[in-house]
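**Q** Single-letter residue listing:
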Amino acid sequence: MKVKFGIIPYLFLFPAILCLLIFFFVPFFQTVVMSFYDYSKDFSSPQFSGFLNYSSILSSKVFIKSILNTFWFLILCVPFLVIFPLFIAILIDQKIKFTNLYKLIIYIPVVVSIVVVAIAFKWLYQPDGLLNYFLSIFHIPPVSWLSSPKVAMVSVALVTIFKGIGYYMMIYLSALMGVPKELYEAAEIDGASGFKKHMAVSVPHLLPTIALVSTISSISALKVFVEIYVMTKGGPLDSTKTIVYYIYEKAFESLDLGIASAACVVLLFLVMTFSVVNILCFEREKYGL
Amino acid sequence: MKHLKGFLIHLTLITVCILCLLPFLWLTSTSMKGAEENIFQYPPVIIPHSPTFNNFVEVLKLVPIVKYAVNSFIVAFFTVVLNLIFSALAAYPLARMNFRGKNFIFFLVLITLTVPFQAIMLPVYIIVLKMNLVDSISDFNGYLGMILPFCVNAFGIFLLRQAFLTIPKEIEEQALIDGCNSFQIFYKILIPLIKPSLSVLAIFTFVGSWGEFLWPSIILTKQSLFTLPVGINELQGAFSANYRLIAAGSIVSILPIIAFFLVLQKYFIKGESEGAVKG
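Chains as they are written, first to last, in the working numbering: chain A, 1 to 289; chain B, 1 to 279.
Chain B extracted, bound-state conformation (with noise of 0.2 angstroms):
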């Protein structure tokens, strides 16, 4: 009996992670798929019969697709810096100061949460585009246009607030009458202490970063500039007709998100026990 659920169980659960898997090896098939293999036979293979690396070969040769993870890379990882600095420096007076309109500017960070970025995009594009924060400009304004707009993010500050407010008082103000400033006590003892919350905000916000389609796609106009998602997206047109080369990008992309989730999983998992979730 007992066996018996045991076995049930892992049954289910090895059907869901199937599942799971399912459009990727798909994928993945039809990207291994030759010329002279029919992707649309019927009823279809999914082993294929003389797998090949042509597509990922040809795709490569044809689309800068390295130069689009590059892209995509260097916008989440100053996204992601420039996030922790803010985030870390408005947290602190946030969790651990009194000062006059402490609660206004809690409320103001507060309501931010609630307002879906798509809500208000058109004048952050008007925005950007006034302060000359596009690709026309020069690529370092078109990284930026990519980056600033979400350099920081309310979610971020309550994380850090939260880890802040765990920290004992006692070390703060023995730091104090050893005559450390403000500033010292920031950076020198407290943001030490506080390293997994960032490590948790730094893994949150690249995942988002390197995902994000909808921002980059509206202010891109430089092939030269596309990130992944969008230079992903793009091959549909390209390559209308040959859903090899597509398939074959499409894995090619995914396997940098993937083997980064690999390496930093148990920062995930932890990560999501914090309440690091966003809405």
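So here's chain A without its partners, still in its complex pose (with noise of 0.2 angstroms):
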């Protein structure tokens, strides 16, 4: 049946263009418009500067720390978001008591505000707070976790670990059921049994998760603010400032919006490409390409 539709699909369409267009188009240009302009002489008329404001963030030191600091975010996060919640996915998915209370528990940090979570580590980290009591314990000296420049980012991201680890759990959880059961079974009957048969049939199976679950887990790290917002301030020394939170700062602390936009190109530049990846490779079928 062939059906005329006319202008009716564009009345369905147009409110969801409209605040697409205003909250999102319109700024994405007006972001790579005000990168090439310079607003640090006069901030309400500014000038236009071509690639000045590239050149000088591609070398400024801060910045360039900043963009080192995120990828060092990224190492740190990313293998512990992919491999922790699989192996706890596996151990719920086995035939066990109390599956619906471990999963709802984990998934726990996931709701609450990230802000929150910050200030409850940042309590577990104060220099006489509990961690450091466990260590003592085992005879390990006190660490300095947000107060050494080496170990804050460790500690940022054990953060992010904690509050992500339920969310990648229930991806891998809803995708160990799709693993067809006959395949267990054959691998029972060549004579593997537990956590082998999972090793054998089921990782092979969850690769696309795996692959799915490194690009989403990267791409919310190389937007990482509140946990440092809240924790360190991109201190000491800087070792905690990444790209987001050196946008934040030039933008609202010295106004000076056209690095800060320089920044927001190169930003957006390195998520695009892993949200690329991640629809064209992994996530076709959800977006019906």
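Fair warning: there could be bad hints in the mix.
[Said to hold, decoys possible] Pair ranges (Cβ atoms, derived):
(1) Lys-2(B) with Lys-181(A): 18 to 28 angstroms
(2) Lys-61(A) with His-3(B): 52 to 62 angstroms
(3) Leu-207(A) with Ile-74(B): 37 to 47 angstroms
To be clear, the hints were calculated from the coordinates, so they are not data collected in a lab. Being a predicted model, the structure only gives us computed values, none of them experimental. Cβ coordinates follow ideal geometry from the N, Cα and C atoms, glycine included.
Build the complex: two chains, separate frames, hints provided.
**A** Okay, here's the thing in structure tokens:
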């Protein structure tokens, strides 16, 4: 049956497209445009300055450090966020009792606001706090969790990992439901049992999910901000300053919108690369491509 | 052997669960210690000597946490409502109709998924200022400024588009023959059929909006409009010397969302298995 829809589809799309236009496409192009203007001399009347903002951030030690810090953070988080939740999901997927209770508790950090999680960890990280006490039980000297430039980023990453485990566990659990049961039976006949069976059957079957979790956790790592804002403010000695934190400082503290926009374009570039790979390789079905 | 294996699995999972609750339990413990008890005592004391709710009473008296919660609720609620309406409206033609420019619009919506909000937030901020959607004009404008930039999300459009695609075409064709127009088909026939996906979208949007920190912290100037994450972060400055009150405020602030989660848990679990995940 061929139906002529005329103007109707556009009416349906209108509100969403209008909002995306105002709050997405216009700002998107403005970000790019602003990155070519100099706001530093006169905030209200910016001057066109070509690639000046780009050359100045790329030669800025702090910006380069923020990029390196962001990738250091990514390297710290992503492997754990890929492996831990998989491990937990496989354990929960065994035929055992209380699975729902376990799922529920492990998911709680996901629903709690990151601000509260960061405050809770800040308290655990006190020099005389609970974590150092636990370490002292094992005769490990106290760690300066947030005040040592070497350790601070690891401490921040720990918070991100803590908050993310339940989320990725659920993704793995739903993927595990899709593993054909016959495969397990075949593996059992071949003599594999328990964890070995999972390594042989589930893990290969889950490879696309593992790849998906790697890309989406990388994307959120590139965007990290709140943990850092609440716990370290980018310090000590810029050791936890990431790209988004740099943008925030330049835009809302130094009011240098040109520099901030150039940094935004760099962020845009990094995240879009990961996202495009993610959508084209792992989420085609979800978006009907 | 089999028993040992089961025991080890439970032991591991119980350990993980304790670790997941530990930061909140430690915060709760601190919040229930009275003024006479040293919260920096070494070794730390987990169970307070004489548990008290005084810190909760005091923090609720000093800080309008209930007001923050109401603000969070207003923002999250209307963000959800607008997302449901706009996403459902947009998803329907993308799933079901053929029209000029469909692929182009599809592509535009897809692009928005690849761009992080942080990268475009500066112009969004300027636009919101220019539209007067800020709390310095009026409370109503302040709420709008928190809601409108998030009133539609490509992720929701795609989720609902998938839901529309699973509905058999015959249902619509029959309704057309019976004389329904496109809006009637959409509203009376299709919307009831995609309710499960709508609830999943509603819940994930709600939790996301409820926990949002960066945007409200940038545009809000009036304390009376603070949402919970912004207000709770401010506690750190207000009571830097008193971690008991910070802890009490933090714990109070998470109770509503935990209750929400426990009541609607089955939707959370279903949502993740439907691929309702954001990058």
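**Q** It remains to establish, for every hint, whether it holds in the given structure.
**A** Evaluated hints:
no.	hint	result
1	Lys-2(B) with Lys-181(A): 18 to 28 angstroms	holds (20 angstroms)
2	Lys-61(A) with His-3(B): 52 to 62 angstroms	holds (59 angstroms)
3	Leu-207(A) with Ile-74(B): 37 to 47 angstroms	holds (44 angstroms)
Consistency with the previously given hints is maintained throughout, with no hint failing.
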